[in-house]
Structures are given as C-alpha cells and as structure tokens.
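Undergrad: As a plain string of letters, each chain reads:
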Amino acid sequence: MEVRAASLFAGRNWLKGVEEELRRCVHCGFCTASCPTYRLLGDELDGPRGRIYLVKELVERGVVTRSMVRHFDRCLTCRACERSCPSGVQYHRVVAVGRAVSEEMGVRPFFERWRRGGLAWWVTHRALLRWAVGVGRTVRPFLPKGLARLVPPRAPREWQWPSVSEPRERWWLLEGCVQPVVRPEVDQAAATVLGVVGVEVAYARGSGCCGAVDFHLGRVEVARARARANVRAWWPAFAAGERKGVVATASGCAAFLREYGELLEGDEVWGEAAAVLGRETLDVSELVARFAGELRRHGREEHPNGRERRGKVVFQAPCSLQHGLGIVGVVEGLLEGVGWQVVKADDDRWCCGSAGTYSVLERGLAARLGREKGETLAATGAEVVATANIGCLLHLSAYGRLPVRHWLELVAERVAREEERVARRRR
Amino acid sequence: MEEVVSRWRESLAEARARGKMVRVVGKDSKGWLPWCRRGADEVVFSMQDWQGVVRYEPSELFVTVRAGTDVAEVEEMLAERGQWLGFEPPPGSVGGATASGWSGPGAWRYGSLRGAVLGVRLLDGAGRLLRFGGEVIKNVAGFDVARLVVGSWGRLGAIVEVTWRVWPKPAAVRTLCFEMGEGEALAFADRLRPRALPLSAFFWSNGRLWLRLAGGERAVAHGREEVGGEEVEEEMAAALWRQVRALDGEPWRAVPEGMALWRLAVPPGTPPLGMGKILACERGGTVRWVLVPAGEEGVWKRAEEVGGWAWRWTGEGPWQQRRQGAVGEIEERLQAVFDPEGRLSGGPWGREE
Amino acid sequence: MGRDWEAMLSARVRAWEEGERLFRVEREETLAQLRATLPREVLRWQPEEVAVYECDGLPALRERPLAVALPRDTAEVQEVLRVCARLGVPVVARGAGTGLSGGALPCRDGVVLSLARLNRVLEVDPVRCWARVEAGVRNLAISEAAATFGLFYAPDPSSQVACTIGGNVAENAGGVHCLKYGVTVHHVLEVRGFTVDGEEVVLGSTAEEEPGFGLLPLVVGSEGMLAVVTEVTVRLLPTPPAVECVLAAFDSVRAAGEAVAAIIAAGIVPAGLEMMDRGSVAAVETFMPVGYPKDAAAVLLCEVDGRPEEVEEELPQVLDLLHTHGAREVRVARNAQERAQFWAGRKAAFPAAGRVSPDYYCVDGTIPRRALGEMLEAIAEMEQRYGLRCLNVFHAGDGNLHPLILFDGSREGEWERAEAFGAEILERSVALGGTITGEHGVGAEKINQMCVQFSREERAVFFGVRAAFDRDGRLNPGKMIPSLPRCVEYGRMRVRGGALPFANLPRF
Ligand SMILES: Cc1cc2nc3c(=O)[nH]c(=O)nc-3n(C[C@H](O)[C@H](O)[C@H](O)COP(=O)(O)OP(=O)(O)OC[C@H]3O[C@@H](n4cnc5c(N)ncnc54)[C@H](O)[C@@H]3O)c2cc1C
Ligand code: SF4
Ligand code: SF4
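Chains as they are written, first to last, in the working numbering: chain X, 1 to 427; chain F, 1 to 353; chain S, 1 to 508.
Have a look at the derived ranges for each label pair, beta carbon to beta carbon: (1) A238(F) with Q317(S): 25 to 31 Å; (2) E338(S) with G298(F): 54 to 60 Å; (3) Q341(X) with A238(F): 55 to 61 Å; (4) G291(S) with E304(F): 51 to 57 Å; (5) R61(X) with R55(F): 52 to 58 Å; (6) E305(F) with R456(S): 45 to 51 Å; (7) D41(F) with S483(S): 36 to 42 Å; (8) A292(X) with D320(S): 40 to 46 Å; (9) L122(S) with V63(X): 39 to 45 Å.
I should point out that these hints are in silico values taken from the structure, not numbers from a laboratory. Glycine is no exception: its CB is placed at the ideal position from the N, C-alpha and C atoms.
Kindly produce the complete structure, drawing on both the sequences and the hints.
TA: If you want it as structure tokens, here you go:
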C-alpha cells in the first residue's frame with residue numbers, strides 16, 4: 001500500500017520503519033482470519049488489517065482519536081497475524097508505533113491514563129506487588145468473584161537455589177516482575193533442570209522487569225529506562241565472558257528482550273550493548289533443548305521400555321513463544337523426552353486472552369477468550385495444562401478447568417525424582 | 001447465422017402482425033409432453049435445420065454445437081475421442097435439451113446439464129442476437145445468463161448455439177442390480193452418499209435398484225466388491241440407462257386412465273413420501289416419480305412440506321407452479337427483459353394473462 | 001502515452017460520479033437518520049472507523065463510504081436494508097474484503113453492509129451431505145466443520161483461510177481444485193437473503209434442482225448486485241481417501257504448458273493443476289521455504305485424488321507424462337504434511353509478491369489452454385513495453401491466468417501503467433477466445449473491458465437483469481456493467497491509443 005506521511009512526523013526515527021511495514025502490506029486480508037479479536041468482534045478495525053489501516057491514517061493525517069486508541073487497546077499483541085501474513089508485515093512494529101504516538105499525543109482522558117499508569121506501576125514493583133498479593137490472598141474469600149480470580153491461590157513455597165559444581169556454562173536469568181512474586185517455583189525449576197545438565201543461572205544485581213509491560217501500554221520511555229538498567233546490570237559479566245547471555249523463563253519477556261536492540265536504538269551509551277545482548281537472549285526452552293539428550297534419561301524410570309508414557313499434558317504455547325519467537329514443537333519435545341504424553345488441542349494457534357496487562361484492562365474480551373481456551377484445553381482429556389509464560393499461566397488458571405503449570409515445573413519434578421532415585425541407589 | 005436471425009425476426013413480426021405467440025421447437029422429441037403441445041394461436045419456429053458442430057477441442061474439454069444438432073450425433077463424435085457428456089442429456093436436439101434443462105442419470109455424479117453449460121447464443125423476444133458465457137470452464141464476466149436460460153423452455157428466446165463441458169469417458173462401466181423395496185433403496189442411498197465410491201447412476205423401480213459404477217478399471221472392480229449386488233449384463237444395462245435417460249418406457253409413457261404422473265424433486269435423505277403409487281426413484285432418491293389419481297392437487301403441498309417441489313407430468317396444466325412472492329415477481333420481470341412483448345410461449349407453467 | 005492513462009483514469013472517475021449522481025444523498029441528514037434508527041454497535045461512521053473499509057484486496061481503488069453497518073444477525077441485516085431503502089441510500093455488501101476486483105469498493109454516499117458477523121455454521125448434515133452456514137462463515141471453516149464426518153467443501157480459492165462463503169457466492173469463486181470439482185456454482189444448493197429493499201428471497205433448492213428459471217446460477221457470480229446473501233447451503237463431498245501431489249520443475253514455461261495439455265489429453269482430470277513461473281517461486285520461497293526449485297523456469301503442481309486404486313493407476317501415468325515432456329525434476333509429496341506445504345506455497349503466492357514489491361496488481365483472464373504459450377510471450381513483450389515486472393501464477397488446468405504486475409503505488413504514474421498493462425492482457429484474452437475474468441469478477445476494476453467482451457445489446461440485458469432484482473440499481477452501483485457513455489468513451493480512447501488492433505475479431 002502506498003503511504004504518504006504527514007509532515008508533522010518528518011524526521012521521526014520510527015517513521016522509516018513503520019512506513020516500510022505499511023508499504024509491505026498488500027491488503028489481502030489473510031491475517032484477519034487468524035486474529036482472535038476480529039473473530040469475536042467482527043469489525044475489521046478489531047483485526048490486524050484494520051489496525052494497520054488506523055496506523056496508516058495516523059501517519060498520514062497526523063491525527064489520533066479516541067476510537068483509534070480503543071482499537072489499539074483491544075489488540076492482544078499476540079502476533080498470530082504475523083505468522084499468517086505471506087507478505088511479511090511485522091505487525092507488532094506497526095501497532096507499537098500506533099500506541100506510542102497515541103500515548104504521546106495524549107488523547108486518553110485523565111482517569112484512564114491514571115489507571116493504566118497505576119497498573120504498570122503496581123505490576124512492575126515487586127515489593128508492592130508482593131504486598132498486594134499477600135493482602136489479596138488473605139481477603140480472597142471475601143472478594144467479588146471477578147477479582148478473586150486474579151489472585152493466585154497458593155502461597156509460594158520456600159526454595160533454595162541449587163548449587164552447580166563446576167558449571168560448563170553460566171547464564172544470567174531474567175528476574176522479571178510478576179513471576180518471582182506469584183510463582184518463584186518456576187525459576188527454581190529452571191535452576192534445577194539446568195543445574196542437572198551443568199548450567200548455572202543467576203540473577204544480576206540491579207536488573208529487574210524487562211519493560212514489556214510499560215512498552216505495550218505505550219510508555220516507551222519507561223520501558224527504555226528499564227532496558228537500560230538491565231543492560232547495565234548484565235553487560236560487564238557478559239562482556240568479560242563470564243556469562244554467556246540472558247535466559248528468560250517467561251516467553252513474553254524473552255521475546256521482548258530480543259528486541260532490545262531496536263528499543264535502545266540511538267542510545268549512545270547502551271544502544272550497541274543492548275543489540276548484542278538482545279541477540280544473545282534465549283527463551284529457557286531453547287537453552288534446555290540444547291541439552292535435551294542428557295535430560296532424556298530422566299524420564300526412563302517412568303517408562304522403562306522407553307515407549308510408554310505416563311501422564312497426559314496439553315501444552316498451550318504462549319503467543320510470544322509460537323508467534324513472537326517462532327518456537328514451535330520444542331517444549332512438546334522436551335516434555336515427551338521426560339516421559340509425558342503430550343496431546344494437541346484444537347485451535348492451538350489462538351491466544352488465551354492473557355496478553356499481559358490486557359487481562360486486566362480488557363477484562364471482557366480476555367475472559368471470553370480465556371473461557372473458550374479453557375474449554376478446548378479440557379476437551380483434550382489432559383490432566384494438566386503446561387504453558388511457558390507467567391501471564392498465560394495465571395489467566396488459564398483463572399478461566400480454565402484444569403490445573404496449569406509452567407512446563408519447567410513438570411520437567412523439573414521428573415528430573416528431581418530421577419536424581420533422587422539415582423542418589424538412593426548409589427547410597 | 002444471418003439466415004436464422006432474419007427468420008427469427010420474421011416469425012416475431014408475423015406473430016405480432018397476427019396477434020399470435022411464438023413457440024420454438026427443435027426435433028420435437030418432447031412433443032409427447034402436454035405442455036409441448038402447440039396451441040392454435042402459435043407461430044412455430046423450428047431450429048431443426050440449424051445443425052452442425054461449431055468447435056470441438058478435446059484437450060480443452062468443451063464442444064460448441066448449433067441448436068438443431070442431434071444429441072446422439074454429438075455423442076458419437078465425442079466417443080471417437082474418448083469423451084462423453086457426463087450429464088447425459090435427453091435425446092433430441094441440443095437446443096431442446098438445453099431449453100428443457102433435463103439431465104439424465106449421470107447427473108448424480110457429474111452434475112446437472114445446467115452446470116455443464118458454459119455458454120449460449122440466444123435470439124430473444126426482441127429479436128436480438130445475444131451471447132453469454134463462453135468456451136472456457138472458468139468465466140465470471142457478467143451475469144450468468146447462459147445458465148438462466150437453461151430450463152426456460154423457450155420463454156426467454158430461441159437458443160441457437162450451446163457450449164457444453166465434456167468429460168473423458170470412464171475406462172470401465174458396470175451396472176449392479178439389487179432386489180429391494182423403496183424404503184430400503186432410499187436408506188441404501190443415504191449410506192452410499194457420504195462414501196467415496198465411483199458411483200455414476202442410481203435408479204430404483206418396481207422392487208429393483210440399479211446402480212452404475214464408472215471409473216478406472218480397478219476402482220470399479222473394488223467398488224463392485226464393496227457395494228455388492230448382482231452384476232447386469234452390459235447390453236441390457238445400457239438399454240436400461242438409455243430408457244431412463246429418454247424417459248422412455250412404462251412408468252413415463254403408459255399412464256393408466258384416470259391417473260396422473262408426477263415428478264417430485266426432493267432433498268436427499270427424504271424418506272418414502274407415502275403418497276400415491278411410487279413408480280421410480282432416481283439420483284439417490286432426489287427425484288421421485290409417483291402416480292396419483294387425476295385431479296389430486298395435494299401433491300403440490302406434500303412436495304413443499306418435504307422441502308422439494310412438484311411437477312405434474314400428464315393431464316391438464318399448469319404443470320408446474322410459479323414461485324410466489326418476491327422471487328415470482330423477479331421471474332416475471334426477468335421474462336420481460338428478454339421478451340418485452342410477451343410473445344414467447346412454452347414451458348410447464350401455463351400461460352400468464 | 002501518458003495522455004491515455006489520464007484519459008482512462010478520468011473516464012473511470014467520471015463513471016463513478018455518474019453512478020453516484022443518481023444517489024447523491026444529503027450526507028449529514030442521512031447519517032443522522034441512520035444513527036437514529038440503528039444501534040451504535042451496528043453502525044460506524046467516523047472517518048477513521050470507515051477508513052479500512054475503503055477498499056478490498058485491490059487497494060489501488062479506494063472510496064470512503066458514508067457509513068459501515070455491521071449487523072449481528074439476519075434480522076438486523078433486513079433492518080439495515082429497510083432503513084437504507086427508506087432513505088434511498090446505496091448499499092454495498094462486503095464479506096471478508098479479499099476480493100481482487102474492487103467488488104466491495106464502497107459508494108461514496110452509500111452504506112457498506114458487512115456480513116462478517118454472521119459467522120455461524122448452522123448445520124452440517126452428514127447423511128444429506130450438506131452444510132448450512134451463514135454468509136460470513138469463512139470458506140475453510142466449512143471444510144473444517146465437515147472434516148469430522150469425512151466430508152469437505154470442494155471450491156477452495158487461494159484466499160480460503162479468510163474469504164467468506166457470501167463473497168464466494170457473489171464472485172462464483174473458483175480455486176485450485178476446480179478443474180475436477182467445478183466452481184462455487186456447482187456446489188451451492190440454496191441461497192437465502194434479501195433484495196435491496198429488504199424482501200426475503202430463497203433461491204435454488206436443497207432438492208438440487210430449482211423450479212423455473214435458473215435464478216440461483218444468476219445470483220451466484222452476481223458480484224453482490226442482485227441480492228444480499230445471508231445464508232448458504234452447500235453440498236459436501238466425501239473426502240477422497242487417497243491423494244498424491246507431484247511437483248515438477250521445467251526449464252521453460254512452454255514445456256510445462258505442453259505437459260499440462262498432455263495430461264488432459266490422456267483422459268486424466270487431475271484434482272489440481274497449477275503453474276508458477278520463476279519470479280513467483282522466488283517470492284513464495286521467501287515467505288515459507290517449501291522447497292520449490294528456485295532455478296526452474298516453471299514449477300508445476302499436479303494433484304490426483306480419488307480411491308487408492310484410481311490414484312495408483314493415474315499417478316504413474318502423470319509421472320511418465322511429466323518426464324516425457326521434459327520435466328527436469330519430479331517430486332512426489334511424501335506425506336500429507338509435505339503436500340499441504342506444496343499447496344500452502346501456491347496459495348500464498350499473491351500476497352507473497354508483497355515481499356518483492358510494495359504493490360501488485362493481480363490479473364485474472366482465462367484463455368483456452370492451447371493459447372498459453374502465445375499469451376506468455378505477449379506478456380513478456382508487454383513487460384518491456386510498460387517497464388513493469390510481471391510474475392505469473394496460473395490455474396493451468398483450466399487456462400485461468402493470474403499475471404501479477406508489480407508496481408509501486410507511491411511512484412507517480414506507476415499504478416496507471418500497471419492498470420493499462422492489465423487491461424491489455426485482458427483484451428488479449430478475449431481476442432484469444434477467452435474471457436476477462438475467470439474467478440475474481442469484474443467489479444470496478446475490469447468494467448472497461450466489459451465493453452470489449454460484450455455488445456451493447458448484451459450489456460442492455462445485464463442492466464435489465466439487474467433491474468429485475470433492484471429497480472433503482474441501489475445495490476453495489478457502478479460495478480460490473482459499464483454504461484453506454486463509458487463504453488463509447490473507452491472505445492474512442494482505445495482507437496487513439498491503438499493498443500488493440502483486433503477489437504473486431506469474431507468472438508465465440
Ligand atoms: C491472495 C488472494 C488469493 C485469491 N485467490 C482466489 C482464488 O483462487 N479463486 C477465487 O475465486 N478468488 C480468489 N481471490 C479473490 C477473493 O478471495 C474471492 O473473490 C472471494 O470470493 C471474495 O470473498 P470475500 O468474502 O472477501 O468478499 P468481498 O471481497 O468482501 O466481496 C466480494 C464481492 O462480493 C459481494 N459480497 C460479499 N458478501 C456478500 C453477501 N453476503 N451477499 C451479497 N454479496 C456479497 C461484495 O459486494 C463484492 O462485490 C483471492 C484473493 C486474494 C486476496
Ligand atoms: S496481534 Fe493478535 S490481536 Fe493483535 S491484530 Fe494481530 S492477531 Fe489480532
Ligand atoms: S496478511 Fe499481511 S499483507 Fe495481507 S492484509 Fe494482513 S498484514 Fe497486510
């Protein structure tokens with residue numbers, strides 16, 4: 001499509017990139033079919049082609065309206081549309097510009113701005129969040145159902161960081177914001193599984209939330225500040241060759257870290273380092289998969305002849321994993337490797353509706369998607385749902401019928417049991 | 001072509017001058033049907049002499065023929081190149097077959113004649129020579145008037161040339177016979193429909209079901225094993241299908257005194273209608289021939305109840321009901337587009353005032 | 001030549017204006033009335049809200065509508081139509097907006113009526129072998145719903161993931177499997193909908209035959225100009241138990257074309273027979289590396305299906321014919337997954353052109369297969385003359401060509417050049433005994449070429465047919481049928497441009 005940008009935006013650093021994406025779109029409409037919000041709402045403005053058009057409007061006319069913003073807000077940023085676009089339009093870049101510019105031009109009424117800002121603030125401040133979750137858990141029985149759903153039910157267990165003697169590799173582990181508060185078990189599982197194959201992970205002092213939450217709310221500057229802080233914390237050990245890179249246990253964060261280079265483009269101090277680190281970021285599944293061969297023996301006890309599988313699990317691949325990072329089939333392979341039977345659900349390309357803060361800001365849509373997803377997952381007859389991102393985990397727990405775990409936890413349990421068995425035999 | 005056009009215009013002028021209607025006939029092979037009887041106030045326009053194959057390209061899978069050409073002649077020519085008309089039009093002229101819209105037993109597999117028409121040339125009631133459609137299988141330029149004309153019985157004009165799609169002739173054809181009653185045969189059809197079998201025709205009459213298989217040598221052999229039944233000798237089978245195709249033979253031509261023959265088109269899966277005497281079922285049970293006492297008008301309603309429609313085959317008209325409401329009005333207006341003066345007659349709907 | 005592009009463009013614009021002058025409505029007043037009668041959830045009118053509806057899959061033609069209506073059920077569709085009838089507002093129906101001929105191009109003072117929310121599969125009947133669906137159901141969704149019963153819906157346009165059955169009916173959509181299975185008109189049993197005045201109509205019949213005139217085939221392919229379709233009953237076929245797909249690479253397009261003719265001449269009707277030239281293969285391979293040989297001049301995909309015995313019989317014949325006609329490489333898909341990949345590449349071929357060029361213009365002429373070589377040479381010559389590249393994708397089995405003309409809409413004059421290039425291909429198709437559109441429809445795009453393919457009297461009949469359904473021509477005005485002044489104008493321009501020396505060749 002042709003684009004003629006308004007003079008207002010001349011010289012803006014995002015302009016060239018977005019123009020390129022807009023021109024790449026040939027308006028074929030293939031993507032609409034893969035968009036969850038279009039399916040629910042039936043208005044093209046709530047589909048990728050329409051949102052791309054809105055950004056085109058914005059870029060060409062230099063005007064942002066409330067209704068444009070509403071349609072940007074409704075996008076899950078699940079990127080399913082990108083996977084089905086034959087023309088290679090990187091939709092997430094387009095919508096990011098739409099969001100950032102509309103935030104900048106300030107069309108939201110005060111209350112909304114306050115609500116969104118507040119949400120980002122709460123979610124990304126671990127201490128605050130920990131307190132809130134604690135309170136929430138105490139008063140959970142008295143909360144209205146809608147709210148109660150969002151409070152994770154279980155109190156986190158105490159856990160220890162496993163020590164790895166003579167690690168063959170060392171990585172930084174992204175600490176993140178929500179996960180360490182509501183599910184610290186996930187990182188523990190990561191440390192356990194990686195420890196078994198001789199990989200040591202650690203949090204870096206001074207690092208924290210990756211910035212995705214702020215970025216997707218259009219608060220680009222805040223996101224950049226967070227990214228800078230993280231890069232500053234990781235860089236020295238990485239540059240010295242002590243740490244091989246960064247690994248994240250939430251696929252949403254991993255996908256966001258990958259784009260640090262672009263996020264900090266033009267930053268004189270950290271720009272280049274961010275680009276390098278971004279490239280050296282892995283989702284934990286990628287790292288574990290490198291040692292899959294060694295892990296596999298850990299499932300053996302479960303199925304002595306190597307064939308029989310115990311336990312039925314359905315893996316709901318987060319959008320950030322399958323569409324964002326393009327990782328397909330890897331986790332399933334790892335689960336099978338340790339003896340789980342992995343079943344496939346219908347419509348497994350659809351988003352569950354979590355999409356980070358979306359589940360709070362667009363409750364109605366998120367709930368519909370969550371309930372639908374819960375039904376299709378339950379229909380597989382699996383006993384447990386595995387996923388790879390904390391947001392999805394909470395959302396699926398809230399709206400689905402099956403227990404939901406991070407896949408690492410499932411792998412770690414089998415691995416730990418096997419380790420124990422081996423140790424017992426040695427004794 | 002000029003000759004036909006001017007003759008047509010003359011007929012129209014003559015009819016206009018004498019306050020008459022114009023009826024188009026081909027080989028008059030359907031003259032036995034009550035709605036094909038000529039009225040005294042009609043000028044007859046014959047296509048009989050307008051014959052010949054205009055173009056035949058076996059590799060393009062089409063044939064273009066003048067309306068007066070005998071269907072049998074076309075088929076002979078196709079057979080030489082290993083092709084055939086899968087929808088098995090009735091015998092008679094090509095134009096007549098197209099105007100009647102009838103298809104034979106093969107329509108069960110290959111689709112109806114309407115689907116097989118790629119293009120027509122038409123002389124309409126205003127004396128215009130028009131061409132719609134073409135000679136290629138895929139063509140969506142303009143409204144599909146070529147298929148609108150199929151089954152219009154001369155009411156929209158005289159068809160002068162038709163292009164039909166053709167098919168490669170199947171390597172093997174075999175007919176099987178089963179002893180079964182109507183209900184059983186219909187239930188059998190329901191079981192066959194969703195299965196990928198090389199079936200090409202279905203005809204039940206008088207306690208016997210005839211199934212024709214067509215396709216590759218081995219596919220037919222396998223299909224035969226799968227469906228069972230008694231194999232019918234080739235010549236006898238061919239004679240049977242010829243008869244069904246021509247509606248020639250007892251059920252259609254020998255209607256007892258005081259009775260009327262009806263043809264009902266019903267959705268697949270419709271159970272026996274339990275009305276009058278069932279004479280035959282065709283095409284997986286979607287076409288039923290029944291005998292009811294003459295003057296019994298309940299058939300219209302019964303057909304409607306099951307989601308189909310009825311066609312009276314003998315006796316006095318109207319032989320088919322025009323659709324009501326918005327659709328009926330559209331049909332009337334359409335007719336006026338092609339026949340602004342209302343000079344063309346024909347068809348089983350009776351004559352509008 | 002620059003003059004002529006201008007003339008062509010201004011002629012088009014004028015004709016639209018002509019069509020619209022009939023319906024020049026009081027915009028503010030009408031909008032107020034629409035807003036007063038229709039619920040907010042159903043109506044969009046703000047400029048940015050209607051923007052995306054300004055075009056379909058042919059973004060070179062754009063027009064912003066007065067408003068967009070998004071009814072949620074059949075009753076609301078009728079309501080919208082009644083309100084528009086009362087106000088005398090033109091209506092343009094829209095499905096998924098994947099059309100490639102500007103069929104769903106809005107009317108400036110009109111309402112776009114989107115059927116996308118009518119997306120329920122109402123019934124799949126495994127015994128009667130049909131599916132009853134609402135108009136906004138996606139083509140592929142029908143086959144997906146039928147798959148559990150071992151059935152499928154045969155017409156499969158390349159856009160099947162996205163396009164709606166309503167749009168398929170309106171365009172009589174074809175697909176990659178229609179040589180053997182036929183196009184939409186062969187698979188639709190019954191259509192329900194409304195006339196532009198909101199009167200209910202039922203066309204066709206589940207009894208497979210329709211009494212009276214063939215109104216169903218008339219409405220199928222009517223480009224949304226006769227009725228608004230809300231419900232469609234389609235025939236389902238048993239899924240063939242055996243399928244084999246062959247990929248063959250050739251050193252020349254002509255050789256590939258001959259192989260196609262040979263296969264058909266051998267009495268084989270393959271389920272699918274598709275060809276792509278070097279350029280389109282390269283574009284597809286950048287989208288999804290499906291393993292098409294990139295250095296081949298032409299790639300042929302040939303699928304045979306049916307019962308296992310049939311396929312076993314036909315496949316060796318096909319392989320043999322491909323080899324004897326000079327195929328350099330012949331590959332049979334090893335499994336269903338690889339077969340799906342072969343097709344996925346082909347089905348994404350148009351938009352994949354977006355990887356090599358900002359815009360593409362997809363042409364849709366059909367020619368007799370024997371004229372393929374001649375046509376390709378003509379296109380090659382035109383590429384030089386117009387200074388634009390062209391990729392070629394065809395439904396080789398039925399002679400339906402899709403040359404994809406690459407251009408950059410932001411460069412001055414390129415679209416006009418692409419348009420004239422396309423026009424010349426279409427007119428050449430007619431001269432070769434073919435037609436200007438095989439499956440994408442005339443729409444707003446090929447309206448000038450209708451003057452070439454049809455006589456004045458034939459066009460008059462089209463106007464009459466439309467008036468039989470829609471007296472004022474309020475449904476999708478300005479499409480498909482060119483007005484007389486337009487054709488006169490276009491004829492004059494062509495004579496001046498001299499692009500087409502064979503305008504008077506006998507056709508048909
Ligand atoms: C990449 C690509 C590949 C394609 N490949 C093919 C192909 O292989 N074969 C093929 O045939 N087509 C193909 N097409 C064209 C297009 O997909 C078809 O024409 C399709 O049928 C359009 O459906 P739609 O729902 O998008 O309709 P739209 O584009 O929304 O509308 C098309 C026309 O139908 C009318 N219409 C839509 N819905 C209704 C309704 N409910 N009632 C009345 N009128 C209605 C509109 O007014 C308009 O005139 C392709 C398109 C693209 C972008
Ligand atoms: S990212 Fe997801 S929700 Fe957003 S437009 Fe794409 S498919 Fe739709
Ligand atoms: S699939 Fe890609 S090219 Fe097509 S409309 Fe969507 S974003 Fe644009």
